[in-house]
Each structure stands twice: as structure tokens, then as C-alpha cells.
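Chains A and B, in that order, give the protein sequences.
42 is the number that my numbering gives to position 42 of the first sequence; each next residue is one higher, with no gaps.
61 is the number that my numbering gives to position 61 of the second sequence; each next residue is one higher, with no gaps.
Honestly, I wouldn't trust all of these hints.
[Claimed, not checked] Per label pair, the in silico range of CB-to-CB distance:
#1 B:1 to A:13: 55 to 61 Å
#2 A:156 to B:92: 41 to 47 Å
#3 B:401 to A:7: 24 to 30 Å
#4 B:51 to A:21: 26 to 32 Å
[Claimed, not checked] Below, simulated DSSO-like cross-link-like pairs (lysine-lysine); rule was C-alpha separation at most 30 Å, straight line:
#5 B:165 to B:48
#6 A:36 to B:165
#7 A:128 to A:53
#8 A:128 to A:36
#9 A:36 to A:53
#10 B:384 to A:128
#11 B:363 to B:384
#12 A:36 to A:58
#13 A:36 to B:48
[Said to hold, decoys possible] Selected chain A positions facing chain B (Cβ under 10 Å, derived; list incomplete):
#14 4
#15 7
#16 35
#17 39
#18 61
#19 77
#20 89
#21 126
#22 132
#23 133
#24 170
#25 180
#26 195
#27 200
Calculated directly from the structure, the hints in this document are not laboratory data.
Think of the CB as a built atom: it goes at the ideal place given N, C-alpha and C, for glycine as much as any other residue.
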Amino acid sequence: MASFPSGPIQLVEGRALVVAGEDIDTDRIIPARFLKCVSFDALGDQVFADDRKELDGKHPFDHPQSQGASILVVNGNFGCGSSREHAPQALMRWGIRAVVGVSFAEIFFGNCLALGIPCTTAAPDQIKTIQAAIQADLSRPWSLDLDEMRLSVEEESWVVAVDPGPGEMLRSGRWDATSQLLDNGPQVDALMEHLPYLNRFQKAA
Amino acid sequence: MSSGTLYDKVWDLHRVTELPGGSTQLFVGLHLIHEVTSPQAFAALTDKGLTVRCPERTVATVDHIVPTISQQRPFEDPLAEEMLSTLERNCAQHGIVLNGLGSGRQGIVHVIAPELGLTQPGMTVACGDSHTSTHGAFGAIAFGIGTSQVRDVLASQSLAMNKLKVRRIQVNGQLSDGVSAKDLVLHVIRTLGVKGGVGFAYEFAGPAIELLSMEERMTLCNMAIEGGARCGYVNPDQVTFDYLNGRVHAPSGEDWDRAVAWWSSLASDADAVVDDEVVFDASAIAPTVTWGITPGQGLGIDESIPMPESLEAGERPMAEEAYRYMDLQPGTPIAGVAVDVCFIGSCTNGRLSDLRAAAAVAKGRQVADGIRAFVVPGSEQVAKAAEAEGLDEVFRAAGFEWREPGCSMCLAMNPDRLEGRQISASSSNRNFKGRQGSASGRTLLMSPAMVAAAAVHGRVTDVRSLSPQPDL
């Protein structure tokens, strides 16, 4: 499997797969019983476990031609519900490196961003066209270009969107926020000196 | 763009700086952790050679994986035991207070922080759990985060965040007898949809909200996330201050007076600008029950499961999936749907007032034949207070099991779970497919009083239709 995201994320290439449906929640992406772990390592095999069992081999993640795919195309409010980062971790460990959809639940979007996985959006009818194009031939290589903000396959190409902040964080490689947050330690100290509830409410806000 | 709201004021107070990527570095005033979403964050901290910046601003408890029948250590489930012992080790190593089993302060993270007075107006509260929105009931900005962000808060006591828009949910009038905050929030989500709140913080305001107790406000804000809103909040008022006064971590003495003055100043200004406003009439809301597989698929107790043609085109695929999964036919009245398991508890409805409401229904009645019914207090303090009032005896006499505190069958990470296609009446917050521990299990969300009514009749029942009980 390809290594996990690192550094600037400008281009994601690979086969694409479709998980269709509105409001797909993180309990479905990774059921709670798989959260009984102190490491994310084993989650890749368990992604969509119950949906896959229910479909008995017919789930998109079980399709032989989709093994090794890296771009997931979904519909609206994908990743709603529980804040569990286990959901994007499971997708990432299975091989997903980018998600394209109509919209994303905020916590899921932030969790993906923290892993270097872009969640980009397109209009509902465009997503339908893209999903049909993927399903017509699962073997074609797609590319998501974050500089051009386009999702492409062969001669076809669609405009996708991401908010400017997260887009810039991904392109510049600054999506791992920890070091940036730590750089501003003195400003955090200054804020703490004035926050009323840290100072027996004696400081004016 | 909003201005002058509590959200704006608290955001500005906690804004450290703007980050190069365009997001804001936001200081976190209270960080809550538990055993499920923290171990990988501590491991990442160790990998990067980092320490916990403000151990005194992080508070831990154990809730998701604890058994509720016997909490004897070691747990029977070795994975659960490993998760708790990992949390214990991490807290000891980094100097973080852990409110563990038997401490008298253990319980569901969103129950214990308010009852200990840790959650206060004007704070930013973060926790690796989406129901952190609960703490907004105090006039805090409170939101769920993922494990990478837990790591960031541990390391820097701050987060990279983007500001939300503010939607005021104005609720006029007054809730009717037998109608609770749970019914109100299920009604709001049903009306605005499960993705209606994406990008928004929900400000709950208006006469009906001002009449709610703190526990009811917590129920309301708890489920803001089920409507897509990462935060929900209520402006702090006398109800808030009365709740906090005298709690372990609440300010006292002269500090108290200064605190109340400051907290009062944080409420949204009379001329505050919001990005959107929606108005509800509380008196028109009935006890509300979900019939489907998202919290937005709700019905008033006197309604029937919707016909596909009555739904907007965009809602139909999800409804079709719900008819199949729930095995409920369009046109069936929701009242009368038979249930197998009744669960009272969770961070939504596991507080003392919830147990009182359920016990008032259970008192002098019997759980119907073939129904498994159990009550899981939200915390050790809730359990103790309930037992002092004799609620445990009321429940036991009625045929309910009385359990130890934890998250339990809300998400079934412990042994409490549905089997096969069982259907539950549940006071929890999510009716997603497989949520309660069986891949084909089914969930009907409702208030604790409605769960108790379902338990004694064996089917979904309008709690308002039960004849008043003589005071037994």
C-alpha cells in the first residue's frame, strides 16, 4: 500500500470508487465495536464492515477492480454523526487518499484534513455524472489536481471546490497543524494571562 | 456575518492568532478526554517527543467501554480493560486528573463535567466526542474533535478552527405537559434536517428555552450535532448561575460575584446580528419519535410513517432505505409499533431529571411481558442522587434493571447491545443502522418518559395518554 500522506498535497492519482447515498454516518464507515483498540493500525480491513457484510461481497469496497483505488466519490453530508477519527483512519488505511462529494460533515472534514486527505465538493448533478463515469469503467485512472481544482479522467474533467483555508493548508503541506500551533506558544501564554476564568475573574476581557 | 452574539464574543476572547492556512488558532479552556479517542493522541504525542502543555486544563473519565452490570476490575473484556488501563497510564504519566470508577465522580463525560462545575459560561470546551455540543447549554462554545485534534489540544491547548455562522433557533410559547426538551430537539432536527446545521452554530433562544432547566438545555444542545450543527448554545441566565452555584469547580466567594457579572455580559446583545433565524412554536410540538435511520426521520406521536409521495424527492431514497431496514410500512401509525428492548440513559437523557420523568411513568406499573428494560444512570453522582430518592426501587419494582453508570447501549461498546433484528425504544441520540450493537438492530429515539411508556405497554405509546398514577 502507498505510504500515508505527507508534505504538500497537490495531486492525488489512482482509480476511483463510488459509495452512493446521503448522510452516510461514521458508525457505518467504522462500527463502534472496532473502536475497542488503542491503535488505528488494524482499521483498514474493517472499513464499512457491516454494510459489506450485508451486501455479501457486493459492496464497492469489495469489488475486485476497486482494490487499490484511492479516490472515493460520495454524496451529501458524508461522515456525519460520531466524531471518531477512526472513520477517516479506516478509509486511509484501506487506501483512500482523497474524497469528492456534494458535502461533508464538519468534524469528518477536519479529521480528514488533519490526515492530509482532501475532501473536495462539486454540485449534486455533477457528482452524479462523475459517479456514473466511474462505474462505467472501474479500471480507469483518475486524478484530483488541487492546484487546478479539477477532477479528471482521460479527456473529461470537472471543477471541484474546497474552502481556501484548507485548500492552502493541503497544497502548502501545512495541514498538520501541531507544529504551527506550537510555534505560537507565547501568544497562548499572553491570552491565558487575560482570560477572566483563568484569573479568578479579576481581569477584564 | 454574525456580530454581538455569545458565539462571536467567546470566539474573539479565545482567538490566539490567524494561522498561515487561513484558519484561526483557538484557545481551548476545558479539554475533556475519555478512553476511546485519546490513546492514539497520547501515542502521537510520545512519538513527536511532546508533552501536555496544560495538564490542569484537561480532565478525564471512563465511560464508553465500561460494563454496567459489574464494574469489577479487570473487566471480562480484555480489550475494554486494555483501553481503561491505557487511559490510567496516560493520565498518571502526564499529570491529568482521571475521574475513575468508584471515585464518586465517574460517568459519561458530558454528564460529569457540568455536574462538577467544570463547564462554565464563556469557555471553549473541546472533547473527542461529537456530543460535546452538550456543554453549550451553559453559554460555552463546545464542540467535538477528532483524535489528531485531541493530540493538538494536549500539545498546545489550542486548535486550528474556522468560525461558524450563527443561526438563532427562536422557540416561542411553552412546551406542553408530557413534552420534553428531547421532543423539542427531535422536532427541530426533523424540520431543519440532519444537514441543515452544517456550517452553523445553533443559538437556542426565546421564551420556551428560557423556561428550560439546565438539564433540559443540555439535552437540547447535546443533539445540535444530529442536526449538523457542530455547536449549540443557550445564553447564560439565572437558571445557569443557580445550577453552577456551589458545585465543586465553580467559583466561590468574591470570585462568584465577579464571575456572574462577567458571564452575564457574554449573552448575545439585544441588537446582535445572526446569519439566519428560524422560529418555532413550542406549544405545537407533540411527543416525538424517530421511525427511520437518521435522527431527522421523526414523527409526532399521533402521526404515521410518511408515504413516499408525501416526501420531497431528495428525501425519498433515505426513506426507502429506512422502510426496508426498519421493516416499517408507509402509512403505519408510529403509536403502537412493538418494541423489544427499552433503554433509558446516555449523555442525552441520563441525568436525574430524566430518570425522575421515567420513574414517574414506571411507578406502580409493570414492564410488559417479553420486554427487556434497563436504566443506566449518566454518572455515579446521578446514580447516588437517584438512589437517595428511591428511584432505583421504583424502577426495579416495575421490572426495569438498574445498572452502573456509562454510555452503555447508546453505542454498545460495552456488553449492552441489541441482538439480531431487535427494535429498541431508546432515550439516546442516534438511530443509525447498527448503532446499538447489532448490524441489523433497530432504534426508535424518544424521551425517557416515552421509553418508560413503551416499556410498560410493549409498544410505542403516547405518554400523555397514560392515566395519572395515584401517589403510591
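Comparing the hints with the structure gives:
1. B:1 to A:13: 55 to 61 Å: 38 Å, violated
2. A:156 to B:92: 41 to 47 Å: 57 Å, violated
3. B:401 to A:7: 24 to 30 Å: 54 Å, violated
4. B:51 to A:21: 26 to 32 Å: With a Cβ separation near 43 Å, residue 51 of chain B and residue 21 of chain A fall outside 26 to 32 Å, so the hint is violated.
5. B:165 to B:48: Violated, at about 35 Å.
6. A:36 to B:165: 35 Å, violated
7. A:128 to A:53: Distance of about 25 Å is within 30 Å: holds.
8. A:128 to A:36: 36 Å, violated
9. A:36 to A:53: 20 Å, holds
10. B:384 to A:128: The given pair, whose Cα atoms are some 55 Å apart, is violated under the 30 Å limit.
11. B:363 to B:384: Within the cut-off at roughly 19 Å; holds.
12. A:36 to A:58: 27 Å, holds
13. A:36 to B:48: 24 Å, holds
14. 4: Status violated, d = 12 Å.
15. 7: 14 Å, violated
16. 35: 5 Å, holds
17. 39: 6 Å, holds
18. 61: Given a least distance of 16 Å, the restraint on residue 61 of chain A is violated.
19. 77: The hint holds - residue 77 of chain A has a Cβ within 10 Å of chain B, the shortest such distance being about 4 Å.
20. 89: 8 Å, holds
21. 126: Status violated, d = 16 Å.
22. 132: Constraint on residue 132 of chain A not satisfied, violated at 16 Å.
23. 133: 20 Å, violated
24. 170: 9 Å, holds
25. 180: Since the shortest Cβ distance to chain B is 5 Å, the answer is holds.
26. 195: 7 Å, holds
27. 200: Status holds, d = 5 Å.
Of the numbered hints stated above, those contradicted by the structure are hints 1, 2, 3, 4, 5, 6, 8, 10, 14, 15, 18, 21, 22, 23, listed in ascending order.
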